[in-house]
Amino acid sequence: MDFSHLIVIAVSSIFINNFVLGRFLGICPFIGVSKKLDSALGMGMAVIFVMTLASTVTFLIQTYVLVPFELEYLRTIAFILVIASLVQFIEMFMKKNMPSLYQSLGVFLPLITTNCAVLGVAILNIDDIAMIGQHFNFIESVWNGFTAGIGFTIALLLMAGIRERLELADVPESLKGTPITFISASLIAVAFLGFSGMSIM
Amino acid sequence: MNKLQNFTKGFFKENPVLILALGLCPALAVTTSIENGLGMGMASTAVLIGSSTIISMLKKFIPSNIRIPIFIVIIATFVTIIDLTLQAFIPSLSESLGLFIPLIVVNCIILGRAEAFASKKSVLNSMIDAAGMGIGFTIALVLISAVREFAGTGALLGFPLFQLMGIEGFKGSIMMILPPGGFLTMGLILGFMQWNKIRKAKNTGGK
Chain A
6 MDFSHLIVIA VSSIFINNFV LGRFLGICPF IGVSKKLDSA LGMGMAVIFV MTLASTVTFL
66 IQTYVLVPFE LEYLRTIAFI LVIASLVQFI EMFMKKNMPS LYQSLGVFLP LITTNCAVLG
126 VAILNIDDIA MIGQHFNFIE SVWNGFTAGI GFTIALLLMA GIRERLELAD VPESLKGTPI
186 TFISASLIAV AFLGFSGMSI M
Chain B
414 MNKLQNFTKG FFKENPVLIL ALGLCPALAV TTSIENGLGM GMASTAVLIG SSTIISMLKK
474 FIPSNIRIPI FIVIIATFVT IIDLTLQAFI PSLSESLGLF IPLIVVNCII LGRAEAFASK
534 KSVLNSMIDA AGMGIGFTIA LVLISAVREF AGTGALLGFP LFQLMGIEGF KGSIMMILPP
594 GGFLTMGLIL GFMQWNKIRK AKNTGGK
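Note that the protein sequences, when read in sequence, are chains A and B. Each residue of the first sequence is one higher than the one before, starting from 6 at the first, in our numbering. Each residue of the second sequence is one higher than the one before, starting from 414 at the first, in our numbering.
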């Protein structure tokens with residue numbers, strides 16, 4: 006267990022390969038829930054939570070069920086089912102214990118299931134060997150899920166902050182709404198591109 | 414609605430990416446060259462047609478409470494088939510699309526069509542609808558990737574247009590191939606659609 010790997014993973018998933026701005030995972034919530042700062046924060050927290058849990062569960066399933074029984078080809082089906090039931094569980098938990106947050110997230114919580122970031126992180130945990138030069142172990146996978154969620158939240162919060170200002174700005178009529186959001190996202194992505202020059206290995 | 418309208422509505426009028434803003438992740442991530450965009454579009458279309466057909470056939474047997482997990486399993490089955498097929502026959506495409514082939518499962522277009530159309534309508538109509546939507550998705554992907562490939566490398570489908578015209582020193586803007594270019598192209602295309610809509614509304618309003 007190499008402690009430096011954890012730092013490499015954190016910097017890599019938050020800045021260098023930011024899930025939204027570098028890898029294009031989770032664009033739907035990035036555009037859909039980034040209108041207000043507080044709902045963006047709630048969504049970000051939900052995604053961090055789901056991604057960490059999903060990384061934990063899918064890694065265990067891959068290591069102790071799919072690999073020993075040589076069922077690796079069922080990975081996509083197994084992972085998406087696990088993630089779907091996990092999200093369902095979180096939704097039930099939130100509805101009962103945090104009704105105000107549940108109301109503000111509204112329709113987007115079930116959509117975490119079809120958020121490619123969650124399935125994406127589960128698959129990347131198994132497949133990605135470029136980040137630290139070898140396959141992730143259990144702790145590294147969970148850590149990767151957690152930090153990727155933080156990266157997603159940072160991108161979402163930046164976008165929400167910009168969009169709250171954009172409400173007041175004088176945007177050309179044909180660019181109002183979604184188009185200007187994408188163009189702002191492009192400018193944030195340019196800024197994040199600067200991190201790709203970083204090398205920490 | 415007749416069958417032809419049903420087929421063509423996905424092309425432009427209800428284009429899944431450009432109008433309904435669904436399936437944005439693959440639309441931005443794999444559209445670095447026309448080849449990738451076309452490959453992704455066709456893979457998704459195959460999954461869409463297969464899953465819509467099966468779901469439409471099974472619609473009487475699927476209890477409505479647990480329909481979403483059942484839809485997802487059916488979709489994931491087709492994605493696995495496509496994934497393994499691509500790995501076996503077109504390994505280069507499989508490599509460049511990479512992570513985004515298993516992620517076809519979570520493409521909202523497919524689940525959306527299953528929920529909104531295939532689980533209610535007849536098998537034939539569902540197939541036609543799926544094919545139309547798939548082609549619309551492919552059109553959008555090819556459009557975005559054409560802009561990005563041309564601006565990023567000066568080539569279309571791998572043919573270096575500027576070199577063919579005798580302009581030797583042309584170098585593309587690498588930013589268009591990188592993530593910011595994807596967002597920028599998408600924003601500008603959506604802006605163009607909106608501009609067109611406003612212009613049409615003004616024209617009909619004036620008359």
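For the record, the hints were derived by calculation from the structure and aren't laboratory data. Certain hints may be false.
[Stated by the list, open to error] Below 35 Å or equal to it, Euclidean Cα-Cα: the simulated DSBU-like pairs (lysine-lysine) are:
(1) B:K533 x A:K40
(2) B:K426 x A:K41
(3) B:K533 x B:K422
(4) A:K41 x B:K613
(5) A:K41 x A:K100
(6) A:K181 x B:K615
(7) B:K584 x B:K533
(8) B:K422 x B:K534
(9) B:K615 x A:K41
(10) B:K416 x B:K473
(11) A:K100 x B:K473
(12) B:K422 x B:K615
(13) A:K181 x B:K610
(14) B:K613 x B:K422
(15) A:K100 x B:K472
(16) B:K426 x A:K101
[Unchecked claim] To be clear about the criterion: a stretch of chain A counts as covered by chain B if any three or more of its residues have a C-beta under 8 Å from a C-beta of chain B, and this derived list gives those stretches:
(17) 41-54
(18) 74-80
(19) 85-97
(20) 186-193
[Said to hold, decoys possible] Computed list of chain B residues with no C-beta within reach of chain A, every gap over 10 Å:
(21) L417
(22) I467
(23) K472
(24) S507
(25) L537
(26) A544
(27) V560
(28) A568
(29) L577
(30) I580
(31) G604
No residue lacks a Cβ here, since even glycine has one placed at the ideal position from N, Cα and C.
Going down the list of hints, with the structure as the test:
For the suggested pair K533 (chain B) and K40 (chain A), the alpha carbons sit about 33 Å apart, so the restraint of at most 35 Å is met. With a C-alpha separation of about 30 Å, the suggested pairing of K426 (chain B) with K41 (chain A) holds against the 35 Å cut-off. Annotation: proposed proximity of K533 (chain B) to K422 (chain B) holds, straight-line Cα distance about 18 Å (limit 35 Å). A threshold of 35 Å between alpha carbons decides the hint, and for K41 (chain A) with K613 (chain B) the separation of about 32 Å falls inside it, so the pair holds.
With a C-alpha separation of about 21 Å, the suggested pair K41 (chain A) and K100 (chain A) falls inside the 35 Å cut-off, and the hint holds. With a C-alpha separation of about 17 Å, the suggested pair K181 (chain A) and K615 (chain B) falls inside the 35 Å cut-off, and the hint holds. Only pairs whose Cα atoms come within 35 Å are accepted, and K584 (chain B) paired with K533 (chain B) is rejected, the gap being roughly 51 Å. A threshold of 35 Å between alpha carbons decides the hint, and for K422 (chain B) with K534 (chain B) the separation of about 16 Å falls inside it, so the pair holds.
Distance restraint check for K615 (chain B) and K41 (chain A): the Cα-Cα separation of roughly 32 Å lies within the 35 Å cut-off, and the hinted pair is therefore satisfied. A hinted pair counts as satisfied when its Cα atoms are at most 35 Å apart, and K416 (chain B) with K473 (chain B) qualifies at roughly 23 Å. For a cut-off of 35 Å, the pair hint linking K100 (chain A) to K473 (chain B) stands: about 31 Å separates their Cα positions. With a C-alpha separation of about 23 Å, the suggested pairing of K422 (chain B) with K615 (chain B) holds against the 35 Å cut-off.
About 13 Å separates the Cα atoms of K181 (chain A) and K610 (chain B), which keeps this hinted pair within 35 Å; it holds. At most 35 Å may separate the alpha-carbon atoms for a hinted pair to count; K613 (chain B) and K422 (chain B) meet this at roughly 19 Å. At most 35 Å may separate the alpha-carbon atoms for a hinted pair to count; K100 (chain A) and K472 (chain B) meet this at roughly 30 Å. For the given pair, K426 (chain B) sits about 41 Å from K101 (chain A) by alpha-carbon distance, which is inconsistent with the 35 Å threshold.
Evaluation of the coverage hint for the segment 41-54 of chain A: breached, as 0 residues show C-beta separations to chain B shorter than 8 Å, against a requirement of three. Residues of the segment 74-80 of chain A lying with their CB closer than 8 Å to a CB of chain B number 3, which satisfies the three-residue condition for coverage. Counting residues of the segment 85-97 of chain A whose CB falls under 8 Å from any CB of chain B gives 4; the rule of at least 3 is met. With a cut-off of 8 Å between beta carbons, the segment 186-193 of chain A has 6 residues touching chain B; three or more are needed, and the interface restraint holds.
Against chain A, the non-interface label of L417 (chain B) holds: every CB pair exceeds 10 Å, the least being about 30 Å. Look at I467 (chain B): its CB is around 14 Å from the nearest CB on chain A, clear of 10 Å, so calling it non-interface holds up. Listed as a non-interface residue, K472 (chain B) keeps its Cβ farther than 10 Å from every Cβ of chain A; the least gap is roughly 20 Å. Distance check for S507 (chain B) against chain A: the nearest CB is about 13 Å away, which clears 10 Å, and the non-interface claim stands.
For L537 (chain B), the shortest C-beta to C-beta distance to chain A comes to about 27 Å, beyond the 10 Å cut-off, and the non-interface label holds. Annotated as non-interface, A544 (chain B) keeps its C-beta farther than 10 Å from every C-beta of chain A; the closest such distance is 22 Å. Every CB of chain A lies more than 10 Å from the CB of V560 (chain B), the least distance being 13 Å, so the non-interface label holds. For A568 (chain B), the requirement that its beta carbon stay farther than 10 Å from each beta carbon of chain A is met, with the minimum near 22 Å.
With a cut of 10 Å on Cβ distances, L577 (chain B) stays outside the contact zone with chain A, its closest approach being about 30 Å. The claim that I580 (chain B) is not at the interface with chain A holds, since no C-beta of that chain comes within 10 Å of its own (minimum 27 Å). The non-interface label for G604 (chain B) is inconsistent with chain A: the shortest C-beta to C-beta separation is roughly 4 Å, within 10 Å.
In this structure, the hints that do not hold are numbers 7, 16, 17, 31, in rising order.
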